[in-house]
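Letter by letter, the chains look like this.
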Amino acid sequence: MLDYLVSLSVFAGLYGLLALGLNLVWGLGGMVNLGLAGLFAIGAYASALAELRLHLALPAAAILATLLAAGAGALLAVVTARLKGDYLAIVTLGFAEVIQLLAANEIWLTNGTDGLSAIPAPGRGQLSPFHFDIASTSAVWLAVILVSLLLWRLSQAPYGRALRAIREDETVAAVAGKRVLAFKVSAFAAGSAVMGLAGSLYAAYTGYVAPDSFDVLVTLLVVLALTAGGLGSMAGAVLGAILVVVLTEGTRFLGGLLPDLSALQVASLRQGMIGVFLLLLLRFRPEGILPERMRRHHLED
Amino acid sequence: MIATFLQALVNGALAGAVLALPAVGFNTVYAVLRFPNFAVASLATIGAYAGWVVNTDLGWPAPASLLAAFVVAGSVGALADALCLKPLRPLGALVAAIGSVALDLVLQNAARFAFGNNPRGYDLMVFRNWRLGPIGIGPQEVEDAVLAVVAMAAVFLMLRATRIGKTMRAVADNATLAESKGIDPARVAWAANFVGLGLTGIGGMLVALDTSLDPLTGFRVLLSIFAAAVVGGLGSIPGAVAGAFVVGIGEEMSTLLIAPTYRTAMGFLAILIVLSFRPGGLIGERAI
Numbered sequence: 001m002l003d004y005l006v007s008l009s010v011f012a013g014l015y016g017l018l019a020l021g022l023n024l025v026w027g028l029g030g031m032v033n034l035g036l037a038g039l040f041a042i043g044a045y046a047s048a049l050a051e052l053r054l055h056l057a058l059p060a061a062a063i064l065a066t067l068l069a070a071g072a073g074a075l076l077a078v079v080t081a082r083l084k085g086d087y088l089a090i091v092t093l094g095f096a097e098v099i100q101l102l103a104a105n106e107i108w109l110t111n112g113t114d115g116l117s118a119i120p121a122p123g124r125g126q127l128s129p130f131h132f133d134i135a136s137t138s139a140v141w142l143a144v145i146l147v148s149l150l151l152w153r154l155s156q157a158p159y160g161r162a163l164r165a166i167r168e169d170e171t172v173a174a175v176a177g178k179r180v181l182a183f184k185v186s187a188f189a190a191g192s193a194v195m196g197l198a199g200s201l202y203a204a205y206t207g208y209v210a211p212d213s214f215d216v217l218v219t220l221l222v223v224l225a226l227t228a229g230g231l232g233s234m235a236g237a238v239l240g241a242i243l244v245v246v247l248t249e250g251t252r253f254l255g256g257l258l259p260d261l262s263a264l265q266v267a268s269l270r271q272g273m274i275g276v277f278l279l280l281l282l283r284f285r286p287e288g289i290l291p292e293r294m295r296r297h298h299l300e301d
Numbered sequence: 001m002i003a004t005f006l007q008a009l010v011n012g013a014l015a016g017a018v019l020a021l022p023a024v025g026f027n028t029v030y031a032v033l034r035f036p037n038f039a040v041a042s043l044a045t046i047g048a049y050a051g052w053v054v055n056t057d058l059g060w061p062a063p064a065s066l067l068a069a070f071v072v073a074g075s076v077g078a079l080a081d082a083l084c085l086k087p088l089r090p091l092g093a094l095v096a097a098i099g100s101v102a103l104d105l106v107l108q109n110a111a112r113f114a115f116g117n118n119p120r121g122y123d124l125m126v127f128r129n130w131r132l133g134p135i136g137i138g139p140q141e142v143e144d145a146v147l148a149v150v151a152m153a154a155v156f157l158m159l160r161a162t163r164i165g166k167t168m169r170a171v172a173d174n175a176t177l178a179e180s181k182g183i184d185p186a187r188v189a190w191a192a193n194f195v196g197l198g199l200t201g202i203g204g205m206l207v208a209l210d211t212s213l214d215p216l217t218g219f220r221v222l223l224s225i226f227a228a229a230v231v232g233g234l235g236s237i238p239g240a241v242a243g244a245f246v247v248g249i250g251e252e253m254s255t256l257l258i259a260p261t262y263r264t265a266m267g268f269l270a271i272l273i274v275l276s277f278r279p280g281g282l283i284g285e286r287a288i
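Sequences listed follow chains A and B, in order. Numbering-wise, my numbering puts 131 at position 131 of the first sequence, and it's gapless, one number per residue. Numbering-wise, my numbering puts 143 at position 143 of the second sequence, and it's gapless, one number per residue.
Since the hints were derived computationally from the structure, they do not count as laboratory data. Bear in mind the structure is a predicted one, so any value in this text is a computation, not a measurement. You may find that some hints are simply not true.
As the list claims (entries may be wrong) - Calculated pairs, SDA-like style, for lysine to any residue (alpha carbon to alpha carbon, straight line, at most 20 Å): (1) Lys84(A) - Phe277(B); (2) Lys84(A) - Pro119(B); (3) Lys178(A) - Gly160(A).
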């Protein structure tokens, strides 16, 4: 049982990192990014390939993965700079689909749908599985803490204020002399870097990456985490990620309660429930549990 | 060389005619309700399953099965919208769009729950390809395309000639003005969803006839639907038709140059190019 909880805490941390990355891009920058599964995948594959083919150690592979994801994010931001809202949602979702398509078909590089296995991680094999999980969760949560502190500082700094101003009204921010494009691209790149780091840690922890792991469900879970926690709030993003893992794992008991259903039916019920949760949340508490706190200045009428 | 080119052109045009249905459906919903409904993917799948049930269990022929696809996808879609997405629309197009992704997950898993992951086949005659010189044409594809054109013609007629069609166009043109003239926005929303998502259901069945039927049938063409809708202009019905032919032919032509598995990536490329150079699409936004 404890083993199971420790392993879950690793995934909670990984979702936390993804939610933090998305929070910078979407929460602060106002750029919806439904392509985060693609950036997560780029990080995971880059890290796995760096370890397997270039024989780099995990830290070096993680840095490479982070930089590559940042580059891909910057490129995506430049291409989509003029798009907003629903258009951006369509294009970023399409981006993730194309990345998944590439992962499934560039067999020479990614081994296709079979995926890459036996990705090394420090300690695997030497430590007992339980101690390896403890070490992994420590590493992942250290990353979560560092990234959230960094992003929190960033959001309080003039940079974060400018980003929020752009989110609220691009034209006003531009008139105030902010270089809108530079802010948008850098925020998108930094958020993507965090997603790439999450991908690298994911590949190292599970030891296996395949295209299936990066479908739209991942994106939806992170959107759910961020919406649950409160868009714009860093603590909320992490809290939301924990909540999502509790939610998705907590429905495991359904199989025991409904013995007449096949395993596939139980799985589809559980997946469907994620959608229901997100719909309920958007309907009844769109601002999340820990809404972004902003100093507001009110003018008297 | 010319023969392969012509063959790709013919295949692309036939695929485009089928793709036009969900694209027109997507844009009908966008025109009236002003948000991209990502749930078109699973509604296409649900339409395909509805047609399959009618075709294999009741033994009805293709046109009757398509009617079932229309009615079931339209009803499920309109009901789900009223229940789940309508309350989200006041919060903005993006919130409604994200809600529709969640709804899509729910509906896709409902289909999986009911029918499982195994691919299903329709109970229809398989004909040999016709030959026109060096070019082969599949009678099934031609029939699909003809049925698609008939369904679209019916919708055009509905929008032009009937009262509810005219009110839909009025709301698409100017929602505030339409409401002040006494048009009930809720009724128009129901009509737009029923017609638009019903068309998507027919499109889903035609796609399934051409490829395979499983819970991801609709999702696999989602990128092509977006591409057709965006290339033509979001919210424009003539645009969706034009966009579907551009994307259908483009995808088919691309297989002459790159691996066929990347044909849907062409859709993404088309979206990027159109949005970069002509953000309103080829025809322009919101014209029905």
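Inset, instruction - Find the hints from earlier in the document that the structure breaks and name them by number, from lowest to highest. - result: Violated: hint 2 alone.
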